[in-house]
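A.B. asks: Now for the letters of each chain:
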Amino acid sequence: MSNVVGIDLGTTNSLVAYVKDGVPVVIRDASGDALVPSIVSIGEDGTVIVGREAQRRLLTAPASTVYSVKRFMGQGIEDVHGDAGLLPFGIGGDPGGVVRLSIAGQEFTPPEISAFVLRELKRRAEEHFREQGEFDFEVERAVITVPAYFNDAQRTATRDAGRLAGLEVLRIINEPTAASLAYGMAARDRGTIAVYDFGGGTFDVSILKVEDGVFQVLSTNGDTHLGGDDIDARLTAEVRREIAGAAPEDGNDQMVQAVRQAAIQAKWDLSSEEETELRVDPMAGVPGGYRRRMTRTDFERMILPLVERTLGPCRQALADAGLEPKDIEGVVLVGGSTRIPLVRRLVHELFDREPHSELNPDEVVALGAAVQADILVSGRREMLLLDVTPLSLGIETMGGVMSKIVLRNSTIPASGREMFTSFADNQTAVDVHVLQGERELAADCRSLARFRLRGIPPMPAGLPRIEVQFQIDANGILSVSAKELRTSVEQTIEVKPSYGLTDEEVERMLIESFEHAETDIDARLLIEARNEAETVIHATEKSLRRSDFDELAAEALASGERQRIEQALTEAKEALGGADRDLMLQKTEALNKATRPLAEVVMNRSVREALAGKNVRDV
Amino acid sequence: MLECRNCGAGAPVDEHFCQQCSRILALGRHGDYFSFLGLPRRLGVDPKDLEQRFRDLSRKFHPDYFYNAPPAERLASLERSSYLNDAYRTLRNPSARIEHLLALEGLPPATSDEGGAKVPPALLEEVFALNEELDEIRESRESGGEGAALRARLDAARTPIERKRDEHERRIRELGDRWDSEADSPSGERLATLTALREQLLERKYIDNLLATIDREAAGLGVS
Numbered sequence: 001m002s003n004v005v006g007i008d009l010g011t012t013n014s015l016v017a018y019v020k021d022g023v024p025v026v027i028r029d030a031s032g033d034a035l036v037p038s039i040v041s042i043g044e045d046g047t048v049i050v051g052r053e054a055q056r057r058l059l060t061a062p063a064s065t066v067y068s069v070k071r072f073m074g075q076g077i078e079d080v081h082g083d084a085g086l087l088p089f090g091i092g093g094d095p096g097g098v099v100r101l102s103i104a105g106q107e108f109t110p111p112e113i114s115a116f117v118l119r120e121l122k123r124r125a126e127e128h129f130r131e132q133g134e135f136d137f138e139v140e141r142a143v144i145t146v147p148a149y150f151n152d153a154q155r156t157a158t159r160d161a162g163r164l165a166g167l168e169v170l171r172i173i174n175e176p177t178a179a180s181l182a183y184g185m186a187a188r189d190r191g192t193i194a195v196y197d198f199g200g201g202t203f204d205v206s207i208l209k210v211e212d213g214v215f216q217v218l219s220t221n222g223d224t225h226l227g228g229d230d231i232d233a234r235l236t237a238e239v240r241r242e243i244a245g246a247a248p249e250d251g252n253d254q255m256v257q258a259v260r261q262a263a264i265q266a267k268w269d270l271s272s273e274e275e276t277e278l279r280v281d282p283m284a285g286v287p288g289g290y291r292r293r294m295t296r297t298d299f300e301r302m303i304l305p306l307v308e309r310t311l312g313p314c315r316q317a318l319a320d321a322g323l324e325p326k327d328i329e330g331v332v333l334v335g336g337s338t339r340i341p342l343v344r345r346l347v348h349e350l351f352d353r354e355p356h357s358e359l360n361p362d363e364v365v366a367l368g369a370a371v372q373a374d375i376l377v378s379g380r381r382e383m384l385l386l387d388v389t390p391l392s393l394g395i396e397t398m399g400g401v402m403s404k405i406v407l408r409n410s411t412i413p414a415s416g417r418e419m420f421t422s423f424a425d426n427q428t429a430v431d432v433h434v435l436q437g438e439r440e441l442a443a444d445c446r447s448l449a450r451f452r453l454r455g456i457p458p459m460p461a462g463l464p465r466i467e468v469q470f471q472i473d474a475n476g477i478l479s480v481s482a483k484e485l486r487t488s489v490e491q492t493i494e495v496k497p498s499y500g501l502t503d504e505e506v507e508r509m510l511i512e513s514f515e516h517a518e519t520d521i522d523a524r525l526l527i528e529a530r531n532e533a534e535t536v537i538h539a540t541e542k543s544l545r546r547s548d549f550d551e552l553a554a555e556a557l558a559s560g561e562r563q564r565i566e567q568a569l570t571e572a573k574e575a576l577g578g579a580d581r582d583l584m585l586q587k588t589e590a591l592n593k594a595t596r597p598l599a600e601v602v603m604n605r606s607v608r609e610a611l612a613g614k615n616v617r618d619v
Numbered sequence: 001m002l003e004c005r006n007c008g009a010g011a012p013v014d015e016h017f018c019q020q021c022s023r024i025l026a027l028g029r030h031g032d033y034f035s036f037l038g039l040p041r042r043l044g045v046d047p048k049d050l051e052q053r054f055r056d057l058s059r060k061f062h063p064d065y066f067y068n069a070p071p072a073e074r075l076a077s078l079e080r081s082s083y084l085n086d087a088y089r090t091l092r093n094p095s096a097r098i099e100h101l102l103a104l105e106g107l108p109p110a111t112s113d114e115g116g117a118k119v120p121p122a123l124l125e126e127v128f129a130l131n132e133e134l135d136e137i138r139e140s141r142e143s144g145g146e147g148a149a150l151r152a153r154l155d156a157a158r159t160p161i162e163r164k165r166d167e168h169e170r171r172i173r174e175l176g177d178r179w180d181s182e183a184d185s186p187s188g189e190r191l192a193t194l195t196a197l198r199e200q201l202l203e204r205k206y207i208d209n210l211l212a213t214i215d216r217e218a219a220g221l222g223v224s
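If you read the sequences in order, they're chains A and B. Numbering-wise (our numbering), the first sequence opens with residue 1 and increments by one. Numbering-wise (our numbering), the second sequence opens with residue 1 and increments by one.
Simulated from the structure, these hints should not be mistaken for laboratory data. Built from N, CA and C at the ideal position, the CB exists for glycine as well. All clues stand as given, with none of them false.
Distance condition first, Cα-Cα at most 25 Å in a straight line; then the derived SDA-like pairs of lysine to any residue:
no.	chain 1	residue 1	chain 2	residue 2
1	B	48	A	191
2	A	209	B	96
3	B	60	A	471
4	A	483	B	13
5	A	483	B	4
Okay, the calculated bits of chain B under chain A, using three or more residues with CB under 8 Å as the criterion:
no.	segment
6	57-67
7	80-89
Throw the hints in and build the complete structure from the sequences for me.
C.D. replies: See the structure below:
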């Protein structure tokens, strides 16, 4: 059997984990990094670039680079107008249909972009298994996590992305529940816990009861458009306003991205520091550059309204579970945004309890997904996850009213039935509009699908008794079947997803991706060579810029060597501009060789500096 | 009777697994949440016992454990799990539990035919008084009456309704106990108990609506 993995497909970062000898572990790259930025960039030659390299291209090729695509999964164009202004890539699509992103002259649906990220994770996992010496290193099956508050369309889009990446999606599970599984592995306790999951783009809260290894979700709530992204956007907007006088009012994509990166850095700094300096390079289209001192108090004042928006869903989840804050025996923090001290403080106040954060909040969801994947394929029964559907499911009835069939917070799998009949004699078809949401009017709820019940036997009006069964499976995804009870005729149902891809579209995309598979492999090898070249070039340039360079050169370099390094550097840069992989590798190697004496002396110096002033015991 | 699709052996409708080949059985037209969970048809349910049964059966049925099973068994696991979740949700809630019992015993559901427009006779007095008071409060609010005072009047108006609700709770519990002790009584007596239960449930729903109206009114006054 091929390997199974758990994948946290995040707004900002994604990662992959698996269970090794009964213990979940995340898969890291050679440098020890587990996070793959969920960023996809399309190169000038049409190659697809994912992760850190794509992240660098946010600054150099913003119009060809997509980030935070998770926000668009399962969404219609009318849902995302608010986001469009902040993003450098084009957003389109027909009203009432799926969003399309235009990047580098091509159009992609959000599941296609996510599939690129998943493919990268799949590749990373396969490389890991191959290095481990496994004969069967392929990864074909995965559990993928989604925010608990994702609706049917968003879940389906995630599953489609998995299929497009060549993965059999064993299960879609909710991020907070996955996190609780990972914590449950560590401490087999019982009790009622709250999982507060504040990620890059989404916020979730789930209340769980844990007993006998059964992790039963009592209620869940959240906001699929509230996360670290919004904090970054808030900060970015503030800074752009402050520098509007110096820079063009609208700014260009590059400037916006430079400001955004600076804002993110400041946010990170202020999680551990009381004060930081927010800096934007003069190169980024801000004449004279920009500097601003920011204290943690300034920062908290700016983001308080955003963080406070997480408290309403927490209270609602408690109310839905029939609990008070004091009934919660443990609070678990998940997601990068929970590193912000203000977030911790507010959560602590709400539940009057110090939250748990022993496990890395960036990794805990992937670990839980790996545990669930292991349960599914191994048949291990020590643990069981019972999750709920976050939103009520219903149909549109006369007068545009939403009639609920499965209530929110129902344990899944869940099913519901509804009887339909005809309004006219010999009517052979009935239209059904499926909705998700809590509002009274159909127009205020999420449209999931419209379908037509066909093949009703001709009868006088009101006589047919058509039973429609709505089945929500353990993924939280809906399927519909129908039967006319008088004649036992099964109806054919054509479900047209309102904001998703049809099966045919997914099939077509799959076939296209197979056709591209070969060029994709070449493209990948080229990218790896390019990454390697860039790393060496960057390191060389950095050394050459050092203030103590002359001193170092005197120590390490024979005369004429500096010229040789510069010559090698120029050649490597030229090769980098091209698409000849072999030449790129050759020039990179040459540059590496030319700089080796210099690198050694730099290394020795930094070791000396690091050790200076410390005694042996500290070392 | 059910028939095992794997070995063809017959099985009673409340069995979950085939006694012969121990495979999960397809869910037939069931309809009785009590017997599905192995409980007698009684209104007194121990919440801890109910929860334990739910967890035990979840561990037996859940689709997680049928991932590698043949399609028919996967479907059976999905259907049984869905049904179990429905059963647990229904029986856990005291009102839903009574409604389910009424349906099992062939009584009409405890919903008013007139869509709640008709005031139950037993509540006429309270409803009349409440409506009068609400009218006055609304009038006073529109002419700029003081929020805190109006809120106090609303709270006062709540009291008799809440007293009624508590009365109903008590009576519903008594009737439930009576039903549980009447297992061997003549069917006429048992039907009378159920009919009375249905009546109380209808009134209770009406009372809940009244309380919701007061809450909405209070929300309209804003936080004082």
